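A.B. asks: Spelled out from the first residue to the last, the chains are:
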Amino acid sequence: ETGVTQTPRHLVMGMTNKKSLKCEQHLGHNAMYWYKQSAKKPLELMFVYSLEERVENNSVPSRFSPECPNSSHLFLHLHTLQPEDSALYLCASSPATGVYNEQFFGPGTRLTVL
Amino acid sequence: AQKITQTQPGMFVQEKEAVTLDCTYDTSDPSYGLFWYKQPSSGEMIFLIYQGSYDQQNATEGRYSLNFQKARKSANLVISASQLGDSAMYFCAMREGHFGNEKLTFGTGTRLTIIP
Chain A
6 ETGVTQTPRH
16 LVMGMTNKKS
26 LKCEQHLGHN
36 AMYWYKQSAK
46 KPLELMFVYS
56 LEERVENNSV
66 PSRFSPECPN
76 SSHLFLHLHT
86 LQPEDSALYL
96 CASSPATGVY
106 NEQFFGPGTR
116 LTVL
Chain B
1226 AQKITQTQPG
1236 MFVQEKEAVT
1246 LDCTYDTSDP
1256 SYGLFWYKQP
1266 SSGEMIFLIY
1276 QGSYDQQNAT
1286 EGRYSLNFQK
1296 ARKSANLVIS
1306 ASQLGDSAMY
1316 FCAMREGHFG
1326 NEKLTFGTGT
1336 RLTIIP
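Chains A and B, in that order, are what the protein sequence lines are. All residue numbers for the first sequence refer to the working numbering, where the first residue is 6 and numbers rise by one. All residue numbers for the second sequence refer to the working numbering, where the first residue is 1226 and numbers rise by one.
Bound conformation, chain B alone (with noise of 0.2 Å):
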């Protein structure tokens, strides 16, 4: 089964609208972390939110939020008012285990397209 599941391969959202970019993870680890990353055209990944899986609160993080459902093992990305800017491969990720036993697992990424 896959670790970490992105269904969306590519989405197109007008500019202002907010975007929903869906993750769904499969682990029996009770302690693990999630992530986003954006990953741009010029190739590096940037940080965008984490949501550890104790926490009891969604994640916010400025126009970004993490709409964590634990019992569905979802953790959905929400972007509010999209931006030109935000055009770019998103990914979603999975750390699971113990210091010096992690795991660290992507998903296949979601292209985001904003349209003016």
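Chain A with its partners taken away, still in its complex shape (with noise of 0.2 Å):
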């Protein structure tokens, strides 16, 4: 398997309930990014790790956790979530974070809170 998986594709979950997002990567990349795509609305860069180390988080709500337990793993832990967190949550990889690094997305989780 090659390039930037995503699973699962959609959820469907409760404000009550606890799922987790997980993307893998086959590229060797060390950067590996979150990103949350509402209708009608920018792409939100979330949470940034390279190396396994988290870098960036754009001030996202404490009821999205992530973890990078190594290079080609990325999770979204989500719990206690609001309706309007409803939205395609895009992971992503690069061979580095740097200002010069395209971005290898995947296909996506599309995420509906009732």
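Simulated from the structure, these hints should not be mistaken for lab results. Computed from a predicted structure; not experimentally measured. A virtual CB, placed ideally from N, CA and C, is assigned to each residue, including glycine. Don't take each hint at face value.
[Unchecked claim] Sample of chain A residues with no beta-carbon within 12 Å of chain B, all distances over it, derived:
{"#": "1", "residue": "47"}
{"#": "2", "residue": "50"}
{"#": "3", "residue": "76"}
{"#": "4", "residue": "90"}
{"#": "5", "residue": "106"}
[As the list claims (entries may be wrong)] With beta-carbon atoms standing in for the labels, derived distance ranges:
{"#": "6", "chain 1": "A", "residue 1": "70", "chain 2": "B", "residue 2": "1267", "range": "25 to 35 Å"}
{"#": "7", "chain 1": "A", "residue 1": "10", "chain 2": "B", "residue 2": "1322", "range": "25 to 35 Å"}
{"#": "8", "chain 1": "A", "residue 1": "87", "chain 2": "B", "residue 2": "1296", "range": "13 to 23 Å"}
{"#": "9", "chain 1": "B", "residue 1": "1235", "chain 2": "A", "residue 2": "117", "range": "18 to 28 Å"}
{"#": "10", "chain 1": "B", "residue 1": "1232", "chain 2": "A", "residue 2": "74", "range": "36 to 46 Å"}
{"#": "11", "chain 1": "B", "residue 1": "1328", "chain 2": "A", "residue 2": "8", "range": "36 to 46 Å"}
{"#": "12", "chain 1": "A", "residue 1": "68", "chain 2": "B", "residue 2": "1286", "range": "33 to 43 Å"}
{"#": "13", "chain 1": "A", "residue 1": "22", "chain 2": "B", "residue 2": "1292", "range": "45 to 55 Å"}
{"#": "14", "chain 1": "A", "residue 1": "10", "chain 2": "B", "residue 2": "1286", "range": "21 to 31 Å"}
{"#": "15", "chain 1": "B", "residue 1": "1296", "chain 2": "A", "residue 2": "20", "range": "24 to 34 Å"}
{"#": "16", "chain 1": "B", "residue 1": "1303", "chain 2": "A", "residue 2": "115", "range": "44 to 54 Å"}
{"#": "17", "chain 1": "B", "residue 1": "1341", "chain 2": "A", "residue 2": "20", "range": "36 to 46 Å"}
Since each chain comes alone in its own frame, lean on the hints to assemble the complex.
C.D. replies: Quick look at the structure:
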């Protein structure tokens, strides 16, 4: 398998549930990212990991908790979400963090919070 | 002020024609990078082209070229000889700052539909 994969592709959860999104990259990259894409809003960068260390956290609510156990895997743990958290969550990776690096994206997880 | 502005929410273009997607940006950082990504209906974002703020020439990648006008702070994407498979959302993005303190900002996108 190549590229960036994300599971599940679709997730429906209640506000009291706890769930996790998984991202895996098979590109040998050292940096991984979580983005939120809501309808009619720009893509929002949530978290950046470089060599398994979190380097950026864009004021994301604590109900979103990232985890990067190794450079190939990235998780986003979800708990007590709100309906406004419904969105497409995209994972990306790049060779390293840096101004000139393109990012490779996964297909996303479509999250619906009831 | 918006960091990245894409003024065309939607465009319809005849197959085989060229199309220009507009993007203007706002930054005071002298070192920055501009990206264009394509997002088909399947969801994944696909990198198309990159332009660095210090690059002397406009970037080109196959049928894609970037019309970089630094003084006007615009970075329009030009797609030559459009194809049906070009129908997708297109996002302009800007990376500014330095290693360890970078920001990546995306525009709201343009939905391009190619008409046979």
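A.B. asks: Give a verdict on every hint.
C.D. replies: To see whether the hints hold, each was checked on the structure:
no., hint, verdict
1, 47, "violated (5 Å)"
2, 50, "violated (5 Å)"
3, 76, "holds (17 Å)"
4, 90, "holds (18 Å)"
5, 106, "violated (8 Å)"
6, 70(A) to 1267(B): 25 to 35 Å, "holds (28 Å)"
7, 10(A) to 1322(B): 25 to 35 Å, "holds (29 Å)"
8, 87(A) to 1296(B): 13 to 23 Å, "violated (44 Å)"
9, 1235(B) to 117(A): 18 to 28 Å, "holds (25 Å)"
10, 1232(B) to 74(A): 36 to 46 Å, "holds (42 Å)"
11, 1328(B) to 8(A): 36 to 46 Å, "violated (26 Å)"
12, 68(A) to 1286(B): 33 to 43 Å, "holds (39 Å)"
13, 22(A) to 1292(B): 45 to 55 Å, "holds (47 Å)"
14, 10(A) to 1286(B): 21 to 31 Å, "holds (25 Å)"
15, 1296(B) to 20(A): 24 to 34 Å, "violated (50 Å)"
16, 1303(B) to 115(A): 44 to 54 Å, "violated (32 Å)"
17, 1341(B) to 20(A): 36 to 46 Å, "holds (45 Å)"
Consistency with the previously given hints fails for numbers 1, 2, 5, 8, 11, 15 and 16, ordered from lowest to highest.
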